[in-house]
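Let chain Y serve as the given structure and place chain D on it in line with the hints.
Protein chains: 2
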Amino acid sequence: MKKAVVLLSGGLDSATTLYVAQHRGFECVCLIFDYGQRHRKEIENARTIAHKAHCAWQIVKISLPWKGSSLLDRKMSVHSTPTVHSIPLTYVPARNIIFLSFALSCAEAIGASGIFIGANAIDYSGYPDCRPEFYQAFVKAAGLGTKTGAQGRPIKIITPLIAKTKAEIIKLGMKLGVPYALTWSCYKGAKAPCGVCDSCKFREKGFREAGVRDPLIRKLGFEYVWKD
Amino acid sequence: MKKAVVLLSGGLDSATTLYVAQHRGFECVCLIFDYGQRHRKEIENARTIAHKAHCAWQIVKISLPWKGSSLLDRKMSVHSTPTVHSIPLTYVPARNIIFLSFALSCAEAIGASGIFIGANAIDYSGYPDCRPEFYQAFVKAAGLGTKTGAQGRPIKIITPLIAKTKAEIIKLGMKLGVPYALTWSCYKGAKAPCGVCDSCKFREKGFREAGVRDPLIRKLGFEYVWKD
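Just so you know, the protein sequences line up as chains Y and D, in that order. 1585 is the number that this note's numbering gives the last residue of the first sequence; the numbers go up by one with no jumps. 1585 is the number that this note's numbering gives the last residue of the second sequence; the numbers go up by one with no jumps.
For reference, chain Y alone in the conformation it holds in the complex (with noise of 0.2 Å):
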């Protein structure tokens, strides 16, 4: 069975991808990252996710000491502010590179083919790690710096879901099956949703769109407050 490293964070675009991933017949190994987010919860989310979907997980700690986002330190705001070339206070230095070397890394010591993950550059926040044109180039350089490249077999990286917009990835994931209650997306971390920060309007608008009450929400046993 051929084999690939899916990057797992717990949200709602990484669990579909799992799904499509093993849809496609792959049998996946989940990397989930404790990176210091402020949205720790996640990873407990992410962990569930993975045993619901029978798969293998393994959690990778690392330090990002420099902190340099508000995802990692908690004096700044998560909130959705004007930035320089709109790229929000919530974008982590290099976290998506970090991620995929990780995942190269593993993919090479088990042999894996693959390597999924569930960036989107539709609606987004702006993250630079999330565009196509980044992709293609980092396989460039993993093929050229691996030796599964060296030896023509570079792994590939897939992102199925790069293209869609998030109510076309809350449609895919239902007819998937995936776990939506499960998945976790604000960035704050708290018992509940905050409705405001992007992440959250984001799947709120996902979850609308697709004409399907958001799981998680129905769950909780509440309602967002939607401010726009």
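There's no promise every hint is true.
Since the list gives no way to pick one copy over another, a pair counts as held whenever it fits inside one copy or between any two copies.
The calculated lysine-lysine pairs, modelled on DSSO-like cross-linking and capped at a C-alpha distance of 27 Å, are [unchecked claim]:
1. Lys1424 x Lys1360
2. Lys1432 x Lys1360
3. Lys1562 x Lys1398
4. Lys1424 x Lys1359
5. Lys1424 x Lys1513
6. Lys1513 x Lys1497
7. Lys1398 x Lys1418
8. Lys1576 x Lys1521
9. Lys1409 x Lys1360
10. Lys1576 x Lys1545
11. Lys1432 x Lys1418
No lab work stands behind these hints: they were computed from the structure. Here the structure is a predicted model, which means the values were calculated and not measured.
Only chain D this time, still in chain Y's reference frame:
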């Protein structure tokens, strides 16, 4: 003063690279990786070298539980053995990609304009992540996947030793006052260098061809028994 992140392993090449960066007028922050390498003693050497060079340093502890390298797995041999496409067993999957991605993150967070890495594609073990074409491709990916890149200030990756022989590196380092007695190369990480692993061989060859007696060997009070 312009800032740079320097990847410092405690070996001969990275120590020379640090001194080159300082000579070029950079204020340097050294990243030292603790990744479960069997020659962990190099970490202490790296710290001593950074201290000697009056540099800030940060130890980055990472875990690669999937192993896949004789540098991580003590049951495997670190000695050169013929392997597929000449990539030795000491190759650590995607190691330099991981190191560079942390360096990128740090550089963005502290406002550094460059990353120095002592990769060398002449007297080296044939690791794919030491080749110039890999660095060119990685710079491109990094430019596309980071905030600084998206804002038109991509972080440079500087490989000052990439095309030098080990003897040339040593001659340059001697001029710059690199404290080679404080560096450590042997993969085995015992009290004294084994003199047999690839890393010892390249070091011995370098000092011999440079016509310099290795200050580490002088300090330890003995000579390699050169085995070819």
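Taking the hints in turn, this is what the structure says about them:
no.	hint	in the structure
1	Lys1424 x Lys1360	between (33 Å within a copy, 17 Å between copies)
2	Lys1432 x Lys1360	between (41 Å within a copy, 25 Å between copies)
3	Lys1562 x Lys1398	within (22 Å within a copy, 53 Å between copies)
4	Lys1424 x Lys1359	between (37 Å within a copy, 20 Å between copies)
5	Lys1424 x Lys1513	between (30 Å within a copy, 20 Å between copies)
6	Lys1513 x Lys1497	both (10 Å within a copy, 18 Å between copies)
7	Lys1398 x Lys1418	both (14 Å within a copy, 22 Å between copies)
8	Lys1576 x Lys1521	within (26 Å within a copy, 62 Å between copies)
9	Lys1409 x Lys1360	within (18 Å within a copy, 47 Å between copies)
10	Lys1576 x Lys1545	within (19 Å within a copy, 55 Å between copies)
11	Lys1432 x Lys1418	both (22 Å within a copy, 25 Å between copies)
Checked against the numbered hints listed earlier, the structure breaks none of them; every hint is satisfied.
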